[in-house]
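K.L.:
Residue strings, one per chain:
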Amino acid sequence: MKPAPFEYVRPDSVAQACEMLAADEDARIIAGGQTLVPMLAMRLARAAKLIDIYRLPELNGIRVESDVLVIGATTRQVQVERSALAAQSTPLLAKALPWVGHPPTRNRGTVGGSVANADPSAEIPLVAVTLGAEIEITNPDGVTSMPADDFFIGPMLTSVMPGDCVTAVRFPIWRHARVGTAFHEVSARKSDFAFVAAAAQVALDDDGKCIAAALGIGGVGDRAVRLDLAKLLGETAGTAKLKDVVAEAATVLEPSSDLHVSATYRTRVAVTLGVRALEDAMTDARSSATQSNRGITQ
Amino acid sequence: MKVTLKVNGRVCSADVEPRKTLLDAIREDLALVGSHAGCEHGVCGACTVLLEGEPVRSCLMFAVQADGYEITTIEGLAPAPGELSVVQDAFCETHGLQCGYCTSGMILTGHALLQRTPEPTREEIVEAISGNICRCTGYGQIVEAIEFAGERLRKANAPRGSKGVDANQPHVDLSAETDAPQEGVLKAAQADTPHGGRP
Ligand SMILES: Cc1cc2nc3c(=O)[nH]c(=O)nc-3n(C[C@@H](O)[C@H](O)[C@H](O)COP(=O)(O)OP(=O)(O)OC[C@H]3O[C@@H](n4cnc5c(N)ncnc54)[C@H](O)[C@@H]3O)c2cc1C
Ligand code: FES
Ligand code: FES
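Going line by line, the protein sequences match chains A and D.
Residue numbers 81 to 378, in this note's numbering, belong to the letters of the first sequence in order.
Residue numbers 58 to 256, in this note's numbering, belong to the letters of the second sequence in order.
It is worth saying that the hints were derived from the structure and are not from the lab.
Don't take each hint at face value.
[To be verified] In silico BS3-like pairs for lysine-lysine, Cα to Cα no more than 30 Å straight-line: (1) K289/A with K321/A; (2) K77/D with K82/A; (3) K323/A with K270/A; (4) K289/A with K311/A; (5) K59/D with K77/D; (6) K82/A with K129/A; (7) K77/D with K129/A; (8) K129/A with K63/D; (9) K59/D with K82/A; (10) K323/A with K311/A; (11) K270/A with K82/A; (12) K129/A with K59/D; (13) K321/A with K311/A; (14) K63/D with K82/A; (15) K63/D with K77/D.
Could you put together the complete structure from these sequences and hints?
P.N.:
Shown next, in the form of structure tokens:
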């Protein structure tokens with residue numbers, strides 16, 4: 081047995097889980113365990129008590145509430161990957177999911193666990209930051225929610241306080257007529273953690289001009305970052321324009337070097353993948369428009 | 058802590074420390090040593106078991122978390138003692154294993170894939186086993202084994218007779234005897250030849 085000893089409890093409700101968390105500062109939530117179990121095994125993490133929220137039915141599920149896709153915290157990553165509702169309403173999230181670990185880790189790993197864990201190269205937090213998702217948090221005082229941008233602070237560091245349980249992630253749905261998305265990633269092997277990942281979503285008007293655009297970059301610095309694309313709005317942006325805008329916006333990135341790749345490499349790949357993701361998202365938006373036109377005429 | 062583990066259709070109770078992984082409980086408490094301990098932190102896939110039919114890493118789960126779920130280990134795949142499942146047999150025929158360390162994980166992963174996707178593409182097979190590391194075979198024969206097993210399972214499950222299904226007709230297709238597809242139905246001797254006698 082590799083981890084240090086701990087006590088294990090399975091509360092019956094979120095309220096009970098929050099009380100247990102608040103009562104014991106050495107207590108910790110375990111969800112899918114795909115990050116926490118190896119951390120405990122390598123003794124990079126310790127807990128006196130593990131509070132298992134994985135089976136709480138109130139935390140599992142995918143639903144649409146007007147313009148928001150709500151994903152319960154313990155919804156397994158594979159559920160989102162196979163969800164027609166998620167693919168339809170937030171296609172960017174659906175495109176990112178196959179990049180999250182491997183099929184067996186997606187069978188156990190949860191959406192809330194990935195968000196709470198806040199790995200700088202994790203794909204679900206990247207999509208949350210790109211789309212401006214809201215993270216719903218429950219604690220003994222009640223339910224609050226905060227924008228992903230405020231939630232993520234740094235590597236494995238979030239605004240979660242002792243006694244807080246992430247209970248849902250709320251992804252906004254874009255209702256424009258022509259929306260396109262693309263997700264690109266560079267890693268050592270498919271499904272390993274990203275050296276750089278880029279997530280893009282755009283909306284075009286009938287003339288092909290950009291009316292909304294979001295581009296997020298993950299894996300480059302301490303946390304995922306959404307770049308400023310205001311200069312693309314109202315434009316029918318070609319490759320040259322995209323390169324200029326992304327290169328300028330990418331100056332806010334604070335890349336780090338590690339064993340695998342240098343900071344310079346990360347910046348170059350971030351710009352290249354960012355441009356590629358935006359180009360592909362625009363192509364996707366144009367073809368989504370022709371598809372819906374066809375739907376109307378037939 | 059007491060746990061009830063439903064392994065390969067049998068209900069077993071065990072008294073385990075919460076920090077004991079499902080992998081260790083299966084190997085030590087239930088003496089099922091076909092699930093292997095490789096890295097013990099989630100990267101190699103040697104410890105793969107099926108939880109409610111889906112592959113998961115048993116080293117990334119504590120036994121207490123598995124309480125009450127249906128678990129299948131490699132020991133649970135064969136239809137009877139001394140026999141092999143179609144997927145296991147396909148691994149033998151295509152030389153899908155050498156040292157065997159990764160094999161139980163590969164077979165269970167392949168088995169689960171074929172349950173959900175009866176006719177997987179090569180890419181889908183590669184994606185399914187992407188989390189399982191093999192240091193011997195170079196993966197080629199493993200992919201081939203899963204393709205081959207899929208082909209056999211599809212043929213075994215195909216209705217005999219070429220007329221298709223007509224709900225208004227009697228259940229027995231009389232033409233089946235003359236025009237049943239012979240392809241893929243192995244004769245005993247063929248089963249011993251490489252690739253089941255395929256070119
Ligand atoms: C081989 C391997 C490869 C992987 N590759 C990737 C990858 O490419 N991309 C990627 O994004 N991830 C990857 N992961 C990690 C991913 O699989 C995990 O699922 C995810 O990071 C954590 O989710 P979990 O549900 O397993 O959380 P757990 O491991 O149970 O918990 C992780 C942390 O979050 C806390 N926590 C969990 N749920 C909550 C909650 N609701 N509220 C508050 N705190 C909570 C826990 O206390 C713990 O600190 C990989 C994992 C493995 C083993
Ligand atoms: S032993 Fe479980 S993944 Fe390596
Ligand atoms: S057969 Fe030896 S590790 Fe795969």
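K.L.:
If a hint holds in the structure, say so; if it does not, say that too.
P.N.:
Results for each hint:
{"no.": "1", "hint": "K289/A with K321/A", "result": "holds, 13 Å"}
{"no.": "2", "hint": "K77/D with K82/A", "result": "holds, 8 Å"}
{"no.": "3", "hint": "K323/A with K270/A", "result": "holds, 26 Å"}
{"no.": "4", "hint": "K289/A with K311/A", "result": "holds, 12 Å"}
{"no.": "5", "hint": "K59/D with K77/D", "result": "holds, 12 Å"}
{"no.": "6", "hint": "K82/A with K129/A", "result": "holds, 16 Å"}
{"no.": "7", "hint": "K77/D with K129/A", "result": "holds, 14 Å"}
{"no.": "8", "hint": "K129/A with K63/D", "result": "holds, 25 Å"}
{"no.": "9", "hint": "K59/D with K82/A", "result": "holds, 20 Å"}
{"no.": "10", "hint": "K323/A with K311/A", "result": "holds, 12 Å"}
{"no.": "11", "hint": "K270/A with K82/A", "result": "holds, 28 Å"}
{"no.": "12", "hint": "K129/A with K59/D", "result": "holds, 17 Å"}
{"no.": "13", "hint": "K321/A with K311/A", "result": "holds, 9 Å"}
{"no.": "14", "hint": "K63/D with K82/A", "result": "holds, 24 Å"}
{"no.": "15", "hint": "K63/D with K77/D", "result": "holds, 17 Å"}
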